[in-house]
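> Sequence:
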Amino acid sequence: MRPQIERVFVENFEVYGARKVWRQMVREGVDVARCTIGRLMQGMGLASVIRGKPVRTTMRDKAAPCPLDHVNRVFHAPAPNRLWLSDFTYVSTWSGNVNVAFVIDAYARRIVGWRVSRTAHASFVLDALEQALHERRPVHRGGLVHHSDRGSQYVSIRYTEHLAEAGIEPSVGSVGDSYDNAIAETINGLYKAEVIHRRGPWRSFEAVEFATLTWVDWFNHRRLLEPIGNIPPAEAEERYYAMLDEQKRAA
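Counting in my numbering, the sequence shown runs from 1 upward without gaps.
Take these hints with a grain of salt, some might be off.
The following label-pair restraints were derived from C-beta to C-beta distances [as the list claims (entries may be wrong)]:
1) Asp-127 - Gln-247: 14 to 24 Å
2) Leu-68 - Thr-214: 30 to 40 Å
3) Asp-127 - Asp-69: 35 to 45 Å
4) Thr-119 - Arg-199: 32 to 42 Å
5) Leu-244 - Leu-213: 26 to 36 Å
6) Glu-169 - Pro-201: 23 to 33 Å
Treat the hints as calculated values from the structure; they're not laboratory data.
For each residue, glycine too, the CB sits at the ideal point set by N, CA and C.
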């Protein structure tokens with residue numbers, strides 16, 4: 001049994017703390033005490049990742065009109081494609097800073113769009129939105145709300161027009177307040193802790209882009225999230241749609 005425990009541990013320790021590694025093992029049918037994981041980490045000189053203090057990236061364009069806040073810090077969605085949250089962060093590389101944008105579906109905290117860019121122009125967050133639209137294909141005027149902070153990229157004419165064309169209701173929180181976009185800030189923090197700070201320093205834009213691609217796939221399909229019941233986001237959505245199918249058959 002010990003070789004199996006060590007195998008699963010080695011596969012997961014880079015980004016999980018002792019508690020998350022233990023839960024992953026339980027999901028895979030490995031009978032192991034939580035304290036055993038702590039001893040393994042201690043014996044290997046390992047510690048859980050710690051998220052650092054975020055750097056402010058929101059730059060408000062005071063001349064641009066802002067949509068109303070339709071979320072008011074209530075980040076619960078009753079179903080997928082009801083509430084999307086957008087934000088971006090930056091990563092330092094040897095060749096300069098690069099920016100990483102995410103679009104998150106609030107229902108299961110699944111990342112539905114992302115983009116890495118050498119600049120922070122509005123076009124790069126628009127590319128992340130385009131990916132989300134292509135991936136999810138939400139119903140036009142189907143009740144989807146898109147929430148962001150007051151960064152100039154998100155209140156730009158191009159971005160707001162694109163939301164309108166897709167039939168999505170824009171929503172904007174206050175400037176410089178992480179609580180008004182808390183889930184997106186949390187995803188940024190996990191990304192920084194689990195990838196950027198853990199594996200840096202970063203040599204190039206291409207290295208960050210590939211690492212982000214790998215992390216997003218892992219996050220959506222394998223990472224256990226406590227707020228949704230310690231299951232991956234993709235599994236949470238699958239359960240939702242399976243429940244809908246059962247209800248339809250019962251009716």
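> Does each hint fit the structure? Answer for all of them.
Each hint tested on the structure:
1. Asp-127 - Gln-247: 14 to 24 Å: Check failed, 37 Å falls outside 14 to 24 Å.
2. Leu-68 - Thr-214: 30 to 40 Å: holds, 37 Å
3. Asp-127 - Asp-69: 35 to 45 Å: violated, 25 Å
4. Thr-119 - Arg-199: 32 to 42 Å: Hint violated: Cβ distance 23 Å, outside 32 to 42 Å.
5. Leu-244 - Leu-213: 26 to 36 Å: Since the Cβ atoms of Leu-244 and Leu-213 sit about 30 Å apart, the hinted range of 26 to 36 Å holds.
6. Glu-169 - Pro-201: 23 to 33 Å: violated, 41 Å
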